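Engineer: Residue-level listing of the chains:
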Amino acid sequence: MAKTISQEFKKGLWEEIPPFRLVLGLCPVLAVTTTLENGVGMGLATTFVLVCANLLVSILRNVIPPKIRVPCFIIIIATFVILVELLMQAFAYGLFLNLGIFIPLIVVNCVVLGRAEAFASKNKIVPSLADGLGIGIGFTLSLGVLGALRESLGSGTILGNPVFGPNFQPFEFMVQAPGAFVALGLLLCIMNILGKK
Amino acid sequence: MLATIMFTLGLGGTCGIVLSAASKIFYVYEDPRIAQVEGFLAGANCGGCGFPGCSGAAEAVVSGKASPSVCMLVGPDNVAAIAAITGGEAGTAEALKSYNECIGGNRASDRYTYFGVNRCSAVASMYGGRRDCTIGCLGYGDCVRACKFDAIEMGPEGYPVINFEKCVGCGACQTVCPKTIIEVTPMSIRLTHLNTESDPLAPCRQTCPAEIDIPRYIDHIRKGEYEAAVNTIRERNPLLLTCGRVCPHPCEEMCRRAIEDDPVSINQLKRFVADIEMNSGKRYPIPCNPDTGKRIAVVGGGPAGLTVAYFLRRLGHHPTIYESMPKLGGMLRYGIPEYRLPKKVLDWEIDGILNLGIDHHVNAEMGFDFDLASLVGAGYDAVFFGVGAWNDYNLNIPGEELDGCLTGINFLAKMGKGEKVDIGKRAAVVGGGNTAIDCARTLVRMGLEKVYLVYRRTRKEMPANEVEIVAADHEGIEFVFLAAPSKVIGDENGRVKGLEYLKMELGEPDASGRRRPVPVEGSETVLEIDTIISAIGQNPDLSFKKEGTRLDDLEITRWNTFEVNPETCQTNVPYIFAAGDSQTGPATVVEAIGGARRSARAMDQFLRGKPVVGVPGALLASKKIKESIFERVKGIKQSERTQMPELPVKERIKTFEEVDLVISEKDAEKESNRCLNCCRLCYDPDITFDDKKKSAA
Amino acid sequence: MGDYIVIIMGSIFINNIILAQYLGACPFVGTSKKMETATGMAGAVVFVLTLAGVITWVINTYFLVQLNIEFLRTIAFIMVIASLVQFVEMFLKKSIPALYAGLGIFLPLITTNCAVMGVTLLNVQDELSFVAAVITSIAYALGFGLALILFAGLRERIDLGRVPGPLKETSIGLVTAGMLAMAFMGFRGMV
Chain A
3 MAKTISQEFK
13 KGLWEEIPPF
23 RLVLGLCPVL
33 AVTTTLENGV
43 GMGLATTFVL
53 VCANLLVSIL
63 RNVIPPKIRV
73 PCFIIIIATF
83 VILVELLMQA
93 FAYGLFLNLG
103 IFIPLIVVNC
113 VVLGRAEAFA
123 SKNKIVPSLA
133 DGLGIGIGFT
143 LSLGVLGALR
153 ESLGSGTILG
163 NPVFGPNFQP
173 FEFMVQAPGA
183 FVALGLLLCI
193 MNILGKK
Chain B
3 MLATIMFTLG
13 LGGTCGIVLS
23 AASKIFYVYE
33 DPRIAQVEGF
43 LAGANCGGCG
53 FPGCSGAAEA
63 VVSGKASPSV
73 CMLVGPDNVA
83 AIAAITGGEA
93 GTAEALKSYN
103 ECIGGNRASD
113 RYTYFGVNRC
123 SAVASMYGGR
133 RDCTIGCLGY
143 GDCVRACKFD
153 AIEMGPEGYP
163 VINFEKCVGC
173 GACQTVCPKT
183 IIEVTPMSIR
193 LTHLNTESDP
203 LAPCRQTCPA
213 EIDIPRYIDH
223 IRKGEYEAAV
233 NTIRERNPLL
243 LTCGRVCPHP
253 CEEMCRRAIE
263 DDPVSINQLK
273 RFVADIEMNS
283 GKRYPIPCNP
293 DTGKRIAVVG
303 GGPAGLTVAY
313 FLRRLGHHPT
323 IYESMPKLGG
333 MLRYGIPEYR
343 LPKKVLDWEI
353 DGILNLGIDH
363 HVNAEMGFDF
373 DLASLVGAGY
383 DAVFFGVGAW
393 NDYNLNIPGE
403 ELDGCLTGIN
413 FLAKMGKGEK
423 VDIGKRAAVV
433 GGGNTAIDCA
443 RTLVRMGLEK
453 VYLVYRRTRK
463 EMPANEVEIV
473 AADHEGIEFV
483 FLAAPSKVIG
493 DENGRVKGLE
503 YLKMELGEPD
513 ASGRRRPVPV
523 EGSETVLEID
533 TIISAIGQNP
543 DLSFKKEGTR
553 LDDLEITRWN
563 TFEVNPETCQ
573 TNVPYIFAAG
583 DSQTGPATVV
593 EAIGGARRSA
603 RAMDQFLRGK
613 PVVGVPGALL
623 ASKKIKESIF
633 ERVKGIKQSE
643 RTQMPELPVK
653 ERIKTFEEVD
663 LVISEKDAEK
673 ESNRCLNCCR
683 LCYDPDITFD
693 DKKKSAA
Chain C
5 MGDYIVIIMG
15 SIFINNIILA
25 QYLGACPFVG
35 TSKKMETATG
45 MAGAVVFVLT
55 LAGVITWVIN
65 TYFLVQLNIE
75 FLRTIAFIMV
85 IASLVQFVEM
95 FLKKSIPALY
105 AGLGIFLPLI
115 TTNCAVMGVT
125 LLNVQDELSF
135 VAAVITSIAY
145 ALGFGLALIL
155 FAGLRERIDL
165 GRVPGPLKET
175 SIGLVTAGML
185 AMAFMGFRGM
195 V
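Chains as they are written, first to last, in the numbering used here: chain A, 3 to 199; chain B, 3 to 699; chain C, 5 to 195.
Derived from the structure by calculation, the hints contain no laboratory data.
Watch out, some of these pointers could steer you wrong.
[Claimed, not checked] Straight line, CA to CA, 25 Å or less: simulated SDA-like cross-link-like pairs of lysine to any residue:
no.	chain 1	residue 1	chain 2	residue 2
1	B	K26	A	R71
2	C	K37	A	C191
3	C	K97	B	V614
4	A	K13	B	D152
5	C	K37	A	I192
6	C	K172	B	V178
7	C	K98	B	G18
8	B	K150	A	I192
9	B	K150	C	K97
10	B	K168	C	K172
11	B	K26	C	Y104
12	B	K181	C	G157
13	B	K26	C	K97
14	C	K98	B	G611
15	B	K26	C	K37
16	C	K37	B	G611
17	B	K181	C	R166
18	C	K38	B	T177
19	C	K37	A	G187
20	C	K172	B	A148
21	C	K98	B	G15
22	C	K38	A	N194
23	B	K26	A	P68
24	C	K37	B	T177
25	C	K98	B	K150
26	C	K37	B	E185
27	B	K26	C	I100
Just so we're clear, the structure is a prediction, and the values are computed from it rather than from any experiment.
Sequences are here, hints too, so could you generate the full structure?
Structural biologist: Here it is, written out as structure tokens:
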């Protein structure tokens with residue numbers, strides 16, 4: 003278990019990258035990845051909560067009574083979620099409107115709670131930070147890839163700029179709900195192929 | 003600002019107070035291991051594991067439905083911690099391991115090839131398997147795919163091979179197997195499992211009244227895994243030293259090997275491993291489940307009582323045995339003579355059972371020293387009766403009250419206690435059962451001039467075991483067949499002088515199919531003897547069931563045995579169970595053990611507050627699974643059955659030394675290799691083994 | 005009355021909580037491996053969502069809005085839902101064991117189910133009246149149950165089939181969910 007800090011960080015980018023390796027936190031993945039911008043925005047918001055929650059849980063890990071640890075974690079996470087919500091409202095109002103109720107729903111994202119429980123509550127502050135950052139960036143990357151894929155195919159744009167020329171017929175299926183499921187399923191399949199040694 | 007803080011505190015406080023109050027008010031007991039396991043799961047209730055929440059997953063892990071690695075969020079440390087909680091049942095060192103029932107080998111030929119979905123589950127539900135063998139492994143490897151630990155792989159013989167180093171006993175393979183081939187079951191389930199029609203049971207295993215997994219322990223012996231063999235036997239039969247010596251082994255009669263040459267010497271192998279343990283000087287550990295705090299009174303310390311106490315103890319209950327005789331063992335001690343079952347061996351066996359933590363009281367007679375009311379008063383949760391059949395039938399002929407007339411069990415019991423019995427120089431034993439033979443062979447060893455065995459039919463009809471009859475013959479006992487005692491002749495001192503009998507001839511068959519003996523007029527003959535022992539059968543002594551006691555409601559059959567539901571051994575009084583001779587009438591040790599285990603299973607259900615029910619499709623040793631009793635086994639290389647070593651007749655009739663000796667390790671290996679592994683091995687009755695080996699190679 | 009029927013049909017079929025709103029995807033994927041689990045989960049969600057709909061509406065209207073602290077909504081709702089689920093679980097276990105055996109074990113799973121949290125938030129966002137909020141909650145829950153049970157049926161069939169290695173389990177499950185979502189898109193013209 004003696005992993006270095008950089009290993010703790012890196013594992014979130016590939017070995018345990020959510021939502022592919024850990025099939026968790028699917029709702030935001032499906033819902034907000036209609037565009038690259040939304041995906042990355044959501045990813046960064048989640049990363050912020052992940053890192054902060056990991057940090058606080060790790061600091062308080064010896065203080066929190068084990069019996070009520072899960073409610074405690076939820077409250078810690080909820081606090082940071084509210085913070086993110088207020089910050090976004092102030093500095094990125096457009097994104098805030100796009101993401102809608104999925105920002106408060108970070109509180110019930112299993113990835114966040116899962117990391118607090120499985121990692122931060124048992125490890126020291128620095129590795130917990132690295133873990134939160136790694137998993138968060140991994141999550142952001144996944145959302146970004148999925149967002150880019152769906153945006154390019156579904157609307158023919160990346161970050162609002164057309165990519166396939168004017169004759170491209172947007173494949174609207176991709177930005178709608180069914181496309182979200184299918185795209186995620188196929189990406190998971192590709193990850194499985196790549197992951198096989 | 004203030005409102006925010008007040009609201010948050012208020013809400014948190016309210017939630018906390020309501021919940022902590024609720025947890026007290028709505029407290030329900032649950033297995034503490036569930037909470038322990040839950041402590042190691044992530045607690046995120048994400049549902050990623052497929053179970054309803056973390057407590058659902060914990061419950062599934064504890065009950066063996068899910069593997070310790072079920073949660074994708076926790077690391078290997080926690081998985082190991084969870085496995086430690088569930089793997090070994092508390093207080094034991096026994097870890098769950100996957101066990102493969104089918105050992106493949108010479109595969110049965112394929113009936114057809116199917117190009118559709120080649121999965122065990124699909125194949126089993128669609129057309130029952132491609133092979134001729136419908137009992138064993140299907141060989142598509144669902145279990146291999148199901149194993150998360152890479153512990154199973156398809157072996158070269160086409161059946162899954164388990165790597166015990168990697169197996170954590172999660173049970174995933176068992177869940178996916180559409181047959182009951184691959185098993186990972188907790189001890190309590192293995193101990194209480196009753197053979198059913200859907201199990202892959204070899205013919206011997208179906209016949210054994212104690213339901214021992216015979217091919218499995220023979221396989222262990224073949225591989226030299228003696229401790230595993232003993233443990234396999236102990237899952238069904240705690241009296242293996244005893245049964246290895248005295249069991250009439252009905253299993254060997256069903257042995258398929260006998261179709262080509264001689265049956266495998268199953269019982270000799272059992273005795274061989276049992277003796278290995280005893281002679282090794284140390285006992286193999288016997289794991290027991292965590293305590294349940296339930297107490298059971300076991301009335302009668304014979305084979306049934308000891309067995310039921312043993313199983314109940316291993317299931318976590320606390321049995322206490324009450325025995326009327328000075329020592330435990332019942333018929334084993336007082337009915338079976340020393341030369342068949344040495345007391346030293348029996349003591350060692352009984353000590354092993356008592357060492358599990360079973361209390362016992364000797365010289366405590368039901369109806370005299372205590373009764374049902376006092377047991378109920380002492381707070382026992384259930385009562386088991388295994389009081390045996392100790393009441394000899396009388397001959398009902400004149401002169402039976404004379405000095406020198408004894409009864410079989412009475413005589414053997416006196417010998418067992420070491421009391422002196424005055425028997426003179428010539429004796430006659432009346433009867434043709436095992437008790438009669440035991441009496442006669444005991445008399446020979448007491449140095450009598452002449453011992454007769456008087457039986458009213460012929461040798462063919464004798465109910466005693468064949469080996470016993472042969473041994474008695476060798477030891478010089480004179481058989482007087484077709485003879486019905488009519489009068490005991492006494493001398494002037496009121497002592498037996500002779501036995502008058504009528505010669506018989508066989509007439510028409512009676513209800514039992516045996517030809518009825520008919521007396522020949524005027525054929526009275528007198529045997530000059532000093533002692534008569536009548537051993538013509540026994541029935542249970544239920545004299546403790548007196549009017550006006552708590553036992554009034556208990557139903558008794560017209561044969562003076564306990565009336566029970568045969569599947570559960572429960573009497574009409576729900577907390578009273580009965581098995582052994584006092585329930586079946588005089589029978590074998592192994593039948594008493596089988597009944598007692600069935601009883602222990604039902605008592606466990608009763609004590610845990612579950613409905614007491616049998617198993618649908620359970621085989622009560624009499625039914626057979628038709629397709630497993632195949633009638634052709636070609637291509638077996640003839641090999642002789644290992645003969646049982648025994649003391650020479652000249653030596654043995656002088657002493658009470660044990661007659662039958664144990665086979666050597668080399669012979670045991672040879673004998674175990676004669677086992678055909680029925681129902682563990684796919685083979686084709688139509689194709690010879692040699693052909694198969696060649697084509698496989 | 006007509007309005008309510010529109011709400012019900014709309015919430016179950018058109019705006020199906022999983023297949024159109026993407027809420028509750030984790031349990032949707034997680035508990036759909038077996039039909040038995042899926043039906044239990046569906047029942048439990050209906051039960052909790054109804055209760056949560058009532059209680060969060062009350063909290064929101066009489067506390068958060070009155071005290072002008074709407075920004076605490078997230079933390080208040082999650083605490084209320086978590087406690088409620090826990091309380092209901094304990095209550096059922098003791099008082100109605102038969103119901104607990106069927107639904108109870110699924111309750112803790114709902115704490116972090118975004119479907120429950122999401123619906124309560126949506127109710128607040130849409131500023132629904134009390135009755136409408138309760139009806140919407142029930143209808144969403146029914147929609148969740150419907151989708152879950154349909155999906156479980158599909159997955160049980162897929163399990164028997166020969167799925168290419170990399171597509172196995174979740175991957176093929178998600179693609180199937182996509183197909184199901186497409187089928188549900190057909191309801192769009194209904195209202």
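Engineer: It remains to establish, for every hint, whether it holds in the given structure.
Structural biologist: Hint-by-hint comparison with the structure:
1. Between K26 (chain B) and R71 (chain A), the direct Cα distance comes to roughly 19 Å. Compliance with the 25 Å bound is thereby established for this hinted pair.
2. About 18 Å separates the Cα atoms of K37 (chain C) and C191 (chain A), which keeps this hinted pair within 25 Å; it holds.
3. Between the alpha carbons of K97 (chain C) and V614 (chain B) the distance comes to roughly 24 Å, so the proposed pair stays at or under 25 Å and holds.
4. For the suggested pair K13 (chain A) and D152 (chain B), the alpha carbons sit about 23 Å apart, so the restraint of at most 25 Å is met.
5. Note on K37 (chain C) and I192 (chain A): the hinted pairing holds, with a Cα-Cα distance of about 22 Å set against a maximum of 25 Å.
6. For a cut-off of 25 Å, the pair hint linking K172 (chain C) to V178 (chain B) stands: about 16 Å separates their Cα positions.
7. Under the criterion of a C-alpha separation no larger than 25 Å, the hint pairing K98 (chain C) with G18 (chain B) is consistent with the structure, at around 19 Å.
8. With a CA separation close to 21 Å, the supplied pair K150 (chain B) and I192 (chain A) stays within the 25 Å bound.
9. At roughly 33 Å between alpha-carbon atoms, K150 (chain B) and K97 (chain C) are farther apart than 25 Å, so this suggested pair is violated.
10. For the proposed pair K168 (chain B) and K172 (chain C), the alpha carbon gap of about 24 Å is at most 25 Å, so the pair holds.
11. Of the pairs offered as hints, the one joining K26 (chain B) and Y104 (chain C) holds, with about 18 Å between alpha carbons and a cut-off of 25 Å not exceeded.
12. With a C-alpha separation of about 23 Å, the suggested pair K181 (chain B) and G157 (chain C) falls inside the 25 Å cut-off, and the hint holds.
13. For the hint pairing K26 (chain B) with K97 (chain C), the CA-to-CA distance comes to about 12 Å; that is within 25 Å, so the pair holds.
14. In summary, the hint linking K98 (chain C) to G611 (chain B) is supported, as the alpha carbons are separated by about 17 Å, within the 25 Å threshold.
15. Proximity of K26 (chain B) to K37 (chain C) is assessed by CA-CA distance (about 35 Å); at most 25 Å being required, the pair is judged violated.
16. Taking the CA atoms of K37 (chain C) and G611 (chain B), the gap is about 32 Å. The hint is violated against a cut of 25 Å.
17. With a C-alpha separation of about 20 Å, the suggested pairing of K181 (chain B) with R166 (chain C) holds against the 25 Å cut-off.
18. Simply put, K38 (chain C) and T177 (chain B) have alpha-carbon atoms about 13 Å apart, close enough for the 25 Å limit, and the pair holds.
19. A C-alpha spacing of about 16 Å is found between K37 (chain C) and G187 (chain A), which places the hinted pair at or below 25 Å, so the restraint holds.
20. Straight-line distance between C-alpha atoms of K172 (chain C) and A148 (chain B) comes to about 12 Å, which keeps the hinted pair within the 25 Å bound.
21. For the hint pairing K98 (chain C) with G15 (chain B), the CA-to-CA distance comes to about 24 Å; that is within 25 Å, so the pair holds.
22. Between K38 (chain C) and N194 (chain A), the direct Cα distance comes to roughly 23 Å. Compliance with the 25 Å bound is thereby established for this hinted pair.
23. As the CA atoms of K26 (chain B) and P68 (chain A) are separated by approximately 19 Å, the hinted pair is consistent with the 25 Å bound.
24. For the given pair, K37 (chain C) sits about 14 Å from T177 (chain B) by alpha-carbon distance, which is consistent with the 25 Å threshold.
25. Distance restraint check for K98 (chain C) and K150 (chain B): the Cα-Cα separation of roughly 36 Å exceeds the 25 Å cut-off, and the hinted pair is therefore not satisfied.
26. For a cut-off of 25 Å, the pair hint linking K37 (chain C) to E185 (chain B) stands: about 23 Å separates their Cα positions.
27. Under the criterion of a C-alpha separation no larger than 25 Å, the hint pairing K26 (chain B) with I100 (chain C) is consistent with the structure, at around 17 Å.
Hint check: violations occur at hints 9, 15, 16, 25; the rest are consistent with the structure.
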